[in-house]
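> I would like the entire structure built from these sequences, with the hints used as guidance.
As a plain string of letters, each chain reads:
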Amino acid sequence: MAKKTYDLLFKLLLIGDSGVGKTCVLFRFSDDAFNTTFISTIGIDFKIKTVELQGKKIKLQIWDTAGQERFHTITTSYYRGAMGIMLVYDITNAKSFENISKWLRNIDEHANEDVERMLLGNKCDMEDKRVVPKAKGEQIAREHGIRFFETSAKANINIEKAFLTLAEDILRKTPVKEPNSENVDISSGGGVTGWKSKCCS
Amino acid sequence: CFYCGAVFEETCIFYGLFYVLVMEFGEESSPALAFEKDAFELTVEDVYDISYVIGRDLLKISSTGEEVSDLQFRIVRVLEMFETLVNKYNLSLEELKMERDNLKSELDRIITESSSRQGTQTAGPNQLVVDLTDPNRPRFTMQELKEVLQERNQLKAQLMVAQEELQLYKSGILPHAEPAMVEVDLDSPAATDSPATVNDAKEEKTTIGKLFSFRRK
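Taken in order, these protein sequences are the chains called A and B.
Quick note on the working numbering: the first sequence kicks off at 1 and runs consecutively.
Quick note on the working numbering: the second sequence kicks off at 1 and runs consecutively.
There may be inaccurate statements among the hints.
[Stated by the list, open to error] Negatives, chain B to chain A, calculated, CB over 12 Å:
hint : residue
1    : Pro31
2    : Ala34
3    : Phe35
4    : Leu91
5    : Ile110
6    : Ser114
7    : Gln127
8    : Gln143
9    : Gln167
[To be verified] Simulated crosslink set (BS3-like; lysine-lysine; CA at most 25 Å straight-line):
hint : chain 1 : residue 1 : chain 2 : residue 2
10   : A       : Lys173    : A       : Lys134
11   : A       : Lys161    : A       : Lys136
12   : A       : Lys47     : B       : Lys170
13   : A       : Lys102    : B       : Lys146
14   : A       : Lys49     : B       : Lys37
15   : A       : Lys59     : B       : Lys170
16   : A       : Lys47     : B       : Lys156
17   : B       : Lys156    : B       : Lys146
18   : A       : Lys56     : B       : Lys170
19   : B       : Lys156    : A       : Lys59
20   : B       : Lys170    : A       : Lys49
21   : B       : Lys170    : A       : Lys57
22   : B       : Lys170    : B       : Lys156
23   : B       : Lys37     : B       : Lys97
24   : A       : Lys47     : B       : Lys146
25   : A       : Lys57     : B       : Lys156
26   : A       : Lys47     : A       : Lys161
Worth flagging that the hints you see were computed from the coordinates, not collected in a lab.
Using N, Cα and C, we set each Cβ at its ideal position, and we do this for glycine too.
Shown next as structure tokens:
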């Protein structure tokens, strides 16, 4: 094994309706690029990005889920291991906003109890097609006590800020301890060592 | 009446019919043939033929001076009832035939529709009929997809680890032997001839380190 290149490993998860831009949000963050062609995610995919926060190298393993209902059983099995979940909707798609409560219920049912949640209203560059006012996003986030950002993967608005904020929130409640030497763990369930020990002690 | 002897037009058994009958059968046709027919094949025209023949016979009797006026009225009444019954029977028969034809065509329509539907329609609630000739038909189970995705992600993770390791190696060791990438010593296996220095000892433990160790000769 080569020398460790990070101090902490955080597992994040992106969820939300099909077509809201989860993959694009992730692609912008990991590769700083944007692709207009829509390719529906099959089941589950992931990307890795290492960031530095408070002098610590944090490896973010970000799981990108398919929004389509038919992949539901595959995607929900990945909720358990997530330390942070980004719930994405599309500000030009009212239905994707209405479904937020459904996605929040999924989190309650399948994720760890102390998972860090965040709401993103994506495609905020398309002001002329907006159907969900920013205030409505802020309101629902407030009701559930979670952070909210309006983002644009295309125009690169708030993408990095959202991921770094979520990582900071997780870091804040992570006990200071030496990271174990495990590398990228791609298993679906099982949770995270060190993370789980904190919430279950 | 010249034929039946009725005094009033209303009582004549040919009232309203006579001219039609004469025109239809002419001289040579024989109204008496209606008597030979099967009862269920009688038409209302046959009833008029029968009436004509009976009327003619009544005329013969009355011409001999017999008093047949009451009988004459009763016969007319019976013939009228006969006419109504035959008329009604034929109309009902026609209606039933039409009804039968309608039901037949409706049945044919339903049969062809249901047989053409069978390929694409759902077989029942929550069931889907799959067209085996469709190259894009669903073939794999959710479990199979889950396993394939897990393997894909596992390999992706391994590739990332390998890339990271390579990056470490490049940044840490390569500066001393930059153009050495193509130098491969085919005579001796890479693992056997590595006089590793103390500094490199740690790196040699990785597979990639071993594979590339020949470059430092």
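> Now, for every hint given, state plainly whether the structure supports it.
Do the hints match the structure? See the list:
1. Distance to chain A confirms Pro31 of chain B as a non-interface residue, since its nearest Cβ pair spans about 82 Å, more than 12 Å.
2. Every CB of chain A lies more than 12 Å from the CB of Ala34 of chain B, the least distance being 77 Å, so the non-interface label holds.
3. A cut-off of 12 Å between C-beta atoms confirms that Phe35 of chain B is not in contact with chain A; the least separation is 81 Å.
4. Its beta-carbon lying about 61 Å from the closest one in chain A, Leu91 of chain B satisfies the requirement of being farther than 12 Å from that chain.
5. At the 12 Å boundary, the C-beta of Ile110 of chain B stays outside the reach of chain A, the nearest C-beta of that chain being 34 Å off.
6. Listed as a non-interface residue, Ser114 of chain B keeps its Cβ farther than 12 Å from every Cβ of chain A; the least gap is roughly 29 Å.
7. Every C-beta of chain A lies more than 12 Å from that of Gln127 of chain B, the closest at about 16 Å, which supports listing it as non-interface.
8. Against the 12 Å criterion, Gln143 of chain B falls within the reach of chain A, whose nearest CB is about 9 Å from its own CB.
9. A Cβ of chain A approaches the Cβ of Gln167 of chain B within 12 Å, the least distance being about 9 Å, so the stated non-interface status is violated.
10. Taking the CA atoms of Lys173 of chain A and Lys134 of chain A, the gap is about 29 Å. The hint is violated against a cut of 25 Å.
11. This hinted pair checks out: Lys161 of chain A and Lys136 of chain A have alpha carbons roughly 21 Å apart, not beyond 25 Å.
12. Between Lys47 of chain A and Lys170 of chain B the CA atoms are separated by roughly 23 Å; this keeps the pair inside 25 Å, and the hint holds.
13. Note on Lys102 of chain A and Lys146 of chain B: the hinted pairing holds, with a Cα-Cα distance of about 23 Å set against a maximum of 25 Å.
14. Using a Cα cut-off of 25 Å, the hinted pair Lys49 of chain A and Lys37 of chain B is violated, with the two alpha carbons roughly 103 Å apart.
15. Among the hinted pairs, Lys59 of chain A with Lys170 of chain B is consistent with the structure: their alpha-carbon atoms are about 21 Å apart, no more than 25 Å.
16. A C-alpha spacing of about 9 Å is found between Lys47 of chain A and Lys156 of chain B, which places the hinted pair at or below 25 Å, so the restraint holds.
17. Straight-line distance between C-alpha atoms of Lys156 of chain B and Lys146 of chain B comes to about 15 Å, which keeps the hinted pair within the 25 Å bound.
18. Between Lys56 of chain A and Lys170 of chain B the CA atoms are separated by roughly 23 Å; this keeps the pair inside 25 Å, and the hint holds.
19. Between Lys156 of chain B and Lys59 of chain A, the direct Cα distance comes to roughly 16 Å. Compliance with the 25 Å bound is thereby established for this hinted pair.
20. Under the criterion of a C-alpha separation no larger than 25 Å, the hint pairing Lys170 of chain B with Lys49 of chain A is consistent with the structure, at around 20 Å.
21. Distance hint between Lys170 of chain B and Lys57 of chain A is fulfilled; the C-alpha atoms sit about 20 Å from each other, no more than 25 Å.
22. For a cut-off of 25 Å, the pair hint linking Lys170 of chain B to Lys156 of chain B stands: about 21 Å separates their Cα positions.
23. Restraint check for Lys37 of chain B and Lys97 of chain B: satisfied, since their Cα atoms lie roughly 22 Å apart, inside the 25 Å limit.
24. For the hint linking Lys47 of chain A to Lys146 of chain B, the alpha-carbon distance of about 18 Å falls within 25 Å, and the restraint holds.
25. For the given pair, Lys57 of chain A sits about 21 Å from Lys156 of chain B by alpha-carbon distance, which is consistent with the 25 Å threshold.
26. This hinted pair checks out: Lys47 of chain A and Lys161 of chain A have alpha carbons roughly 17 Å apart, not beyond 25 Å.
In terms of the numbered hints stated before, the structure departs from hints 8, 9, 10 and 14, listed from lowest to highest.
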